[in-house]
Amino acid sequence: MLSTVQYYDDLYNTVNGKVNAGFDFNSSLTDYWGRALSHQLVNASDGGPGTALKKPQVLVYLNG
Amino acid sequence: MPILVADGRAPGEVIISDNATVYEFNPWEMGSFDPTVYGFAPMRYVGSNFTAGVLPNDQKCIEGFDNTGFVMGTSSSLFNQFILNLNTTTGVPDVVKNALASILTDLGQTSNDIADWTPNPFYHFHNDTNPNAQSKRLTLVDGGEDLQNIPLHPLIQPIRNVDVIFAVDSSADTVSPNAQNWPNGTALVATYERSLNQSMGNGTAFPSVPDQNTFVNLGLNTRPTFFGCDASNLTGPAPLVIYIPNHPYVYNSNVSTFTLSYNNSERNAIIENGYDAATMGNGTVDKQWPTCVGCAILSRSLSRTGTAVPDVCKQCFSRYCWDGTVNSTTPAPFFPTPIFFEIKLTSGVKHFTPNLFGLVAVIGISMALVL
Chain A
1 MLSTVQYYDD LYNTVNGKVN AGFDFNSSLT DYWGRALSHQ LVNASDGGPG TALKKPQVLV
61 YLNG
Chain B
1 MPILVADGRA PGEVIISDNA TVYEFNPWEM GSFDPTVYGF APMRYVGSNF TAGVLPNDQK
61 CIEGFDNTGF VMGTSSSLFN QFILNLNTTT GVPDVVKNAL ASILTDLGQT SNDIADWTPN
121 PFYHFHNDTN PNAQSKRLTL VDGGEDLQNI PLHPLIQPIR NVDVIFAVDS SADTVSPNAQ
181 NWPNGTALVA TYERSLNQSM GNGTAFPSVP DQNTFVNLGL NTRPTFFGCD ASNLTGPAPL
241 VIYIPNHPYV YNSNVSTFTL SYNNSERNAI IENGYDAATM GNGTVDKQWP TCVGCAILSR
301 SLSRTGTAVP DVCKQCFSRY CWDGTVNSTT PAPFFPTPIF FEIKLTSGVK HFTPNLFGLV
361 AVIGISMALV L
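These protein sequences, in sequence, are chains A and B. Per the working numbering, the first sequence starts with residue 1, numbered consecutively. Per the working numbering, the second sequence starts with residue 1, numbered consecutively.
FYI, nobody ran anything at the bench for these hints, they're computed from the structure. Just so you know, not all the hints are guaranteed correct.
[Said to hold, decoys possible] With a straight-line cut-off of 27 Å between C-alpha atoms, the simulated DSSO-like cross-links for lysine-lysine are:
hint, chain 1, residue 1, chain 2, residue 2
1, A, Lys18, B, Lys136
2, B, Lys287, A, Lys18
3, B, Lys97, A, Lys18
4, B, Lys136, B, Lys60
5, B, Lys314, B, Lys287
Being a predicted model, the structure only gives us computed values, none of them experimental.
In isolation and in its complexed conformation, chain A is listed as follows:
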């Protein structure tokens, strides 16, 4: 379980990592919302910030 401060830092750092990746990416509120959702719905530590939709374990988890 993350502490509250760690949690917010995680949201910020993962979204910031996307924006600063050096490509033409923008951030939107959906980035933060998506990271928050991941903490609830993606079965990996820290909500699997590197989890792509294609990964098989995600399919299994989403299909229940």
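Starting from the known structure of chain A, fit chain B onto it as the hints suggest.
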């Protein structure tokens, strides 16, 4: 296989169901079957600078944009606004608040539901029809904003040959004072009407469904109903739709879409009620219900193979198929009471989630399953 849905919407635009492009995301591709975009980009390489459907020689392949959370967030971006609550939450670091403020400065409050998919994978793709073809930016919003609250659109594409759809409807369609937060078929009506639209239908067919008043007047929003039972009486090949509306069995599960958190006791009651709605009280209301679901699943293959419909299925279809009756008069106020004894919630129980973000699992999530 998960398929998630979003709508195309530029900042400042208002969604109109008949002309907004519906995008879908699956583990392999993102894109649209609509005649506007009509194309897909490989999910794995979204984030790369595609032009006219190809990656120019001077551009690198970029991976990792296809983040599961971002796709789920896009499809549910109506809830972005909750993120703004952080601005007034104590304990949130200033750096987070500043980042949110800068996004709002860029997009404006009325676009706080936008998911930014820049770089647009469909840049200069289908220039004649794609409204976003000239923009490097692609902005998407919650797939329910065009009223197609159940993600039926990917499942009625003729190329997918889907036989049956379980359309679970937890939409909050009805409003006070006549009723509150129960479904009334709006999602089915939206997909049906779009399938008939000359410019956007693009070869899709959807079973005929009645108007929302009829849904309420006939009680079609209180029990499972089959639509499209007669495969020979459709505008084109279409699945049979098993409509399962949210209705109270053991709990008044019509919570507002924007209820931020639930205690465990209420969460469990809502889930148990959903179990009862889908199983008709575990077969208590109709002990033949499991058989009837089986008949519905088999229906298209029975007609495809010319197999005689078993008697028990005939009984089921006479009971659960919408028979075409319409009653469009304004319905009486709709205040259903639980079919069984209502669960009494215990108080003072542990909260479902550790923070304000944990509101997703049991909100009015609508979903469709393909078999």
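Hints broken by the structure, by number, lowest first?
Structure breaks hint 2 only.
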